[in-house]
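Please model the complete structure; the sequences and the hints are all you need to start from.
Chain by chain, the residues run as shown.
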Amino acid sequence: MRLLTHNTLRNNSAEANGKGYPLKISAVEVRVDDASEVGTDSEREIAFVKGILDMLDWKILVKAAAELGLNTLPPTLNENLVNDDNFLRALYHVLMNVHLVKGMLTCPDTGREFPVTDGTVDFTMEEDECENVRY
Amino acid sequence: MSRPESTGHASIFYNEKEAKKYDSSSRMIGVQKEITERAIELLRLPAVSEKPSFILDVGCGSGLSGKVLEEHGHIWVGCDISRDMLNVANERMENKRMDVQRRHADSSKDHQMETHSDDDDDDNASSDEDEEDESSNMRNSASTGDLLHHDMGTGLPFRPATFDACISISALQWLCYSNSKSQIPKKRLTRFFSSLYQVLRRGGRAVLQFYPETAEQAVLISECAAKVGFAGGVVVDYPNSAKAKKHYLVLTFDKAYKAPQGLSDSSLMGKSHQVRVDKGNGLRSKDAKRSVRKKNRGKTKDWILQKKQTQRNKGRDVRPDTSYTGRKRRDKF
Chain A
2 MRLLTHNTLR
12 NNSAEANGKG
22 YPLKISAVEV
32 RVDDASEVGT
42 DSEREIAFVK
52 GILDMLDWKI
62 LVKAAAELGL
72 NTLPPTLNEN
82 LVNDDNFLRA
92 LYHVLMNVHL
102 VKGMLTCPDT
112 GREFPVTDGT
122 VDFTMEEDEC
132 ENVRY
Chain B
1111 MSRPESTGHA
1121 SIFYNEKEAK
1131 KYDSSSRMIG
1141 VQKEITERAI
1151 ELLRLPAVSE
1161 KPSFILDVGC
1171 GSGLSGKVLE
1181 EHGHIWVGCD
1191 ISRDMLNVAN
1201 ERMENKRMDV
1211 QRRHADSSKD
1221 HQMETHSDDD
1231 DDDNASSDED
1241 EEDESSNMRN
1251 SASTGDLLHH
1261 DMGTGLPFRP
1271 ATFDACISIS
1281 ALQWLCYSNS
1291 KSQIPKKRLT
1301 RFFSSLYQVL
1311 RRGGRAVLQF
1321 YPETAEQAVL
1331 ISECAAKVGF
1341 AGGVVVDYPN
1351 SAKAKKHYLV
1361 LTFDKAYKAP
1371 QGLSDSSLMG
1381 KSHQVRVDKG
1391 NGLRSKDAKR
1401 SVRKKNRGKT
1411 KDWILQKKQT
1421 QRNKGRDVRP
1431 DTSYTGRKRR
1441 DKF
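Chains as they are written, first to last, in our numbering: chain A, 2 to 136; chain B, 1111 to 1443.
Simulated from the structure, these hints should not be mistaken for laboratory data. Watch out, some of these pointers could steer you wrong.
What the hints assert, rightly or not - Across the chosen pairs, the derived CB separations fall in these ranges:
| no. | chain 1 | residue 1 | chain 2 | residue 2 | range |
| --- | --- | --- | --- | --- | --- |
| 1 | B | L1415 | A | E130 | 51 to 57 Å |
| 2 | A | S43 | B | S1290 | 32 to 38 Å |
| 3 | B | R1212 | A | V33 | 16 to 22 Å |
| 4 | A | V33 | B | Q1293 | 37 to 43 Å |
| 5 | A | N133 | B | L1415 | 54 to 60 Å |
Positions of the beta carbon are idealized from the N, C-alpha and C atoms, including for glycine.
In structure tokens form, the structure reads like this:
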């Protein structure tokens, strides 16, 4: 599970009542891929990060990165950072190359746990846990 | 032939054995790749050079469609109900990552690594003509996908307005079958579409290819999507061919959207055969399509050698290649 993915996740059970994020991370195994080893294309990376910047919840990202042992992110974004290509590339690396391989995600509102094994988050839930819909 | 959906829960049908079989069938890989390409075409995404998209792949299975997304330069998150299929996807992504690391380490040599997975061989063979620089560049990077073990009928667990687009290949129809007393297809479909509406960014689009068993199913699916507020329509490709027929549910927020014409048999037959689409075409068009698709495959020696290599990679016993391989035999007929 990448930091990018974690930033988007929420517990969508009925109990969470529309919130269910940010999911607290307790990490057992983390893997950081070397940017040069997984292949890079800086133009593409910068374009991608620029495109999702308004979607990202920065506070959630900073906290999650810290939970995975990364404390290098600035606490807030500002104009200068957002236009700095080097910062954007570093941000791409943080979002895409830091993986939670094994651990647990916990809902802050209900305490429901979502295990992570082999980098895959288990979000399966029973029918009775789900939000009700009018159909 | 019975449909997989009627045999039981998707995670039971796509168990470990089935997952491996699915992922190693070159025909399946080819079909899924084509469908994914068509879905991406229908998505009308901005050019990757402008902005790679963040895409949700619902029912991503063993990652065949995700691979195509990567080759186009996009970043994706996939979810699937079958853990076994996801394990196959994981393995593929791991292998790709180690492959890239190895290539990087040997970057001084011009090193063509034969990887363990078959699909690379098939891809090289059938897509040589279409391969752009983009695609080969993407092969030198690790996978940009992430996986979620998840049942789409429980709703998509993401914050609102997260994804630029959504695709789904051959998965949606599973929602039409209930596997327990508490599962009501219409409810699950509505929940899925309602959550999809939430998690797509405004201006985003979803293209969901599915196999309806009956016309009623296609209608049920479309109606549930419309009810939650989506505009769009169903694009049907090759409507006259039982085998080639494909349904794509295209969903947008734009009420003015008009679904494009589906691909039809006549479009394949070249300029001189524009018009006729009658019953007889069903069979003929398949041959025409096959020859266009496979581009004079026949049973040439090259094809034989490549096929033998694929089988070797699967671990089967194959006769060694000699000068007699694919020799011209005496005409039996």
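**Study point:** Numbers of the earlier hints that this structure fails to satisfy, in rising order
**Key:** Going through the list in order, the structure violates hint 2 alone and respects the others.
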